[in-house]
Amino acid sequence: MKAKQTKIAIGQINPILGDLSRNLSLHEEMVERARQQGVNIIVFPELSLTGYFVKDLVPSLALSVQSPHLDRLKTLSSDISIVVGLVEESSDYRFFNSAILLEAGEVRHVHRKIYLPTYGMFDERRYFASGCRLQGAESRWGPLGLLICEDLWHPSAPYLISLEGMDILITLSSSPGRGLGGGEKLESVKIWESLNYTYAYLFSCFVVFANRVGYEDGVHFWGGSEILSPAGTLLAKGKYHEEDFVIADLDQAELRRERAASPLLRDECPDLVLRELKRIQGEKMKE
Amino acid sequence: MRPNLTVNGELLRKLLVGFIENEVHKMGFHRAVIGVSGGVDSALSAFLAAQALGAENVWALIMPYKTSSPESVAHAELVVETLKIHSAIIDITPQIDAYFERFPEADTLRRGNKMARERMTILYDHSAALSALVLGTSNKTELMLGYGTLYGDMASAINPLGDLFKIQVWQLAAHMGVPEEIMKKKPTADLWEGQTDEEELGFTYEEVDQVLLLMIDKRYEIQDLMEAGFEEKFVRRVFGMVQSSQFKRRLPLIAKVSGRTIDRDFRYPRDWGR
Chain A
5 MKAKQTKIAI
15 GQINPILGDL
25 SRNLSLHEEM
35 VERARQQGVN
45 IIVFPELSLT
55 GYFVKDLVPS
65 LALSVQSPHL
75 DRLKTLSSDI
85 SIVVGLVEES
95 SDYRFFNSAI
105 LLEAGEVRHV
115 HRKIYLPTYG
125 MFDERRYFAS
135 GCRLQGAESR
145 WGPLGLLICE
155 DLWHPSAPYL
165 ISLEGMDILI
175 TLSSSPGRGL
185 GGGEKLESVK
195 IWESLNYTYA
205 YLFSCFVVFA
215 NRVGYEDGVH
225 FWGGSEILSP
235 AGTLLAKGKY
245 HEEDFVIADL
255 DQAELRRERA
265 ASPLLRDECP
275 DLVLRELKRI
285 QGEKMKE
Chain B
177 MRPNLTVNGE
187 LLRKLLVGFI
197 ENEVHKMGFH
207 RAVIGVSGGV
217 DSALSAFLAA
227 QALGAENVWA
237 LIMPYKTSSP
247 ESVAHAELVV
257 ETLKIHSAII
267 DITPQIDAYF
277 ERFPEADTLR
287 RGNKMARERM
297 TILYDHSAAL
307 SALVLGTSNK
317 TELMLGYGTL
327 YGDMASAINP
337 LGDLFKIQVW
347 QLAAHMGVPE
357 EIMKKKPTAD
367 LWEGQTDEEE
377 LGFTYEEVDQ
387 VLLLMIDKRY
397 EIQDLMEAGF
407 EEKFVRRVFG
417 MVQSSQFKRR
427 LPLIAKVSGR
437 TIDRDFRYPR
447 DWGR
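As you go down the protein sequences, you meet chains A and B in turn. Just so you know, we're using the working numbering here: the first sequence kicks off at 5 and counts up by one. Just so you know, we're using the working numbering here: the second sequence kicks off at 177 and counts up by one.
Note that these hints are calculated values from the structure, not bench results. It cannot be assumed that every hint is accurate.
Subject to a maximum C-alpha distance of 25 Å in a straight line, what follows is the list of computed BS3-like cross-link-like pairs (lysine-lysine) [unchecked claim]:
#, chain 1, residue 1, chain 2, residue 2
1, A, Lys6, A, Lys59
2, A, Lys243, B, Lys190
3, A, Lys243, A, Lys194
4, B, Lys290, B, Lys424
5, B, Lys190, A, Lys194
6, B, Lys394, A, Lys189
7, A, Lys243, B, Lys202
8, A, Lys59, B, Lys432
9, B, Lys190, A, Lys241
10, A, Lys8, A, Lys241
11, A, Lys11, A, Lys59
12, A, Lys59, B, Lys202
13, A, Lys241, A, Lys288
14, B, Lys202, B, Lys190
15, A, Lys78, A, Lys11
16, A, Lys189, B, Lys190
17, B, Lys394, A, Lys194
Pairwise CB distance ranges (calculated) [as the list claims (entries may be wrong)]:
#, chain 1, residue 1, chain 2, residue 2, range
18, A, Leu238, B, Met203, 33 to 43 Å
19, A, Arg260, B, Met402, 53 to 63 Å
20, B, Lys190, A, Arg261, 36 to 46 Å
21, A, Lys243, B, Met402, 22 to 32 Å
22, A, Leu276, B, Arg440, 48 to 58 Å
23, B, Arg278, A, Glu191, 47 to 57 Å
Among the chain A residues that face chain B by a calculated CB cut under 7 Å, a handful are [said to hold, decoys possible]:
#, residue
24, Leu21
25, Gly22
26, Lys59
27, Asp60
28, Leu184
29, Glu188
30, Asp221
31, His245
Quick reminder that beta carbons are idealized off the backbone N, C-alpha and C, glycines included.
Take these sequences, add in the hints, and give me the full structure.
Here it is in structure tokens:
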């Protein structure tokens, strides 16, 4: 039985680069604040426990999901679901840029970032292993899609999760601001906002976009976190460039109405997609 | 086609003020020291710093040589008065002249470089004396063309202007209210009377910034630039300047012999733990 209303919050924080313990305290303060406001799910940005440009710090900051460092957050998750970003270490010592869902005192879901940008200003593939699973997260608040930043630049990622069932698409991001086009918004901001709007509408789901703020080595992260309804309506918007706490109520009835009005999900045709993918792949193999 | 060099002044101001505030405080400082020449670049750095850190935390060092134009010092003082920041005039003539008495044959290049590096050592001495970070004033145009002295005016702890072309510096300076006199005069290194950047370079900032924007930011090849209507000779000259000054934009080369070498396979963020 799904909850009729889900209160969701975004901790739009400025993590300290490479300082796990201070970042953990920052998370705990935000979670406490969210609990006091009756929040059901709180979402933090990509690599929220470590900072973004971690480079060679990756192995020093990596945590396995069993790490005692996460115990306090697990305890806090008894009555509030928490999504955080971290450097996650597998048992065979690979390091992933991951998002984890903590719920009822345990790690309920791990998403390992699939698409690691390694071009222009980004160098993630040098330091991280790529995830290889796209799977929805079963939360007590309904089916969630957890994805990280660049994953969203590949529409197949939210598409596949939406086929499994996705009421809320949650994106953890550390998006650097760049591109002076002369307008009031940087180019990177404009693109993200149009992506969020488009995905909310196309996948008929709530969209929660958690982006960080602050500066690392001269690069700034622009914040502007947002929560959108399945009709693409902005339900809440974080400040640009400043820390913020963003909060909104997600109403199941709105999701139902939107899917009735625009039954895009109903009309999806996975068999056709699969058939055509196989054909295209077969033809490419011949080249 | 004309590339778009327009910036949104207010957005850019916020980003750069935030940059200075954040990076200075993160390093455990709350003050900045800037070499203010009377030109638009250092004026803009001072304006940004005053907003980011408060006027009481910004020091302007005015460091003329005997051949510097009196107008330069007057304009530097105008920046100080407008912002109500601390300042000191430090005449570098005695130490420069003492040095070149031993090398009277030195040409203007050597003399100019020496002055730029003298000013750098004074700024860094005051960095320690005042517990203040040295703020850079080099813009993207001069950094790309190599039109600056390595370890001289190119030296700083943090540089808010290094990703702005000169045309964009003017736009932001206008937005922030840098005095008119400073805005409208011709840019100059002020090494001798009547010197101007544009005369020495042989092109205007307006022209070169268009080429640089397309070449650097938009990744145009030389052929693409010619097809976009720019003169081949000019494009090749600009490209040559960018290429031959690459060393100025990098740390000194380290001969690699170990398994882990600074900046090659020892890679940590500068803001590590900040």
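Taking the hints in turn, this is what the structure says about them:
no.: 1; hint: Lys6/A x Lys59/A; result: violated, 41 Å
no.: 2; hint: Lys243/A x Lys190/B; result: holds, 13 Å
no.: 3; hint: Lys243/A x Lys194/A; result: holds, 15 Å
no.: 4; hint: Lys290/B x Lys424/B; result: holds, 16 Å
no.: 5; hint: Lys190/B x Lys194/A; result: holds, 17 Å
no.: 6; hint: Lys394/B x Lys189/A; result: holds, 19 Å
no.: 7; hint: Lys243/A x Lys202/B; result: holds, 22 Å
no.: 8; hint: Lys59/A x Lys432/B; result: holds, 20 Å
no.: 9; hint: Lys190/B x Lys241/A; result: holds, 19 Å
no.: 10; hint: Lys8/A x Lys241/A; result: holds, 22 Å
no.: 11; hint: Lys11/A x Lys59/A; result: violated, 35 Å
no.: 12; hint: Lys59/A x Lys202/B; result: holds, 19 Å
no.: 13; hint: Lys241/A x Lys288/A; result: violated, 43 Å
no.: 14; hint: Lys202/B x Lys190/B; result: holds, 18 Å
no.: 15; hint: Lys78/A x Lys11/A; result: holds, 19 Å
no.: 16; hint: Lys189/A x Lys190/B; result: holds, 12 Å
no.: 17; hint: Lys394/B x Lys194/A; result: holds, 18 Å
no.: 18; hint: Leu238/A x Met203/B: 33 to 43 Å; result: holds, 37 Å
no.: 19; hint: Arg260/A x Met402/B: 53 to 63 Å; result: holds, 59 Å
no.: 20; hint: Lys190/B x Arg261/A: 36 to 46 Å; result: holds, 39 Å
no.: 21; hint: Lys243/A x Met402/B: 22 to 32 Å; result: violated, 45 Å
no.: 22; hint: Leu276/A x Arg440/B: 48 to 58 Å; result: holds, 50 Å
no.: 23; hint: Arg278/B x Glu191/A: 47 to 57 Å; result: holds, 54 Å
no.: 24; hint: Leu21; result: holds, 5 Å
no.: 25; hint: Gly22; result: holds, 5 Å
no.: 26; hint: Lys59; result: holds, 5 Å
no.: 27; hint: Asp60; result: holds, 5 Å
no.: 28; hint: Leu184; result: holds, 5 Å
no.: 29; hint: Glu188; result: holds, 6 Å
no.: 30; hint: Asp221; result: holds, 5 Å
no.: 31; hint: His245; result: holds, 6 Å
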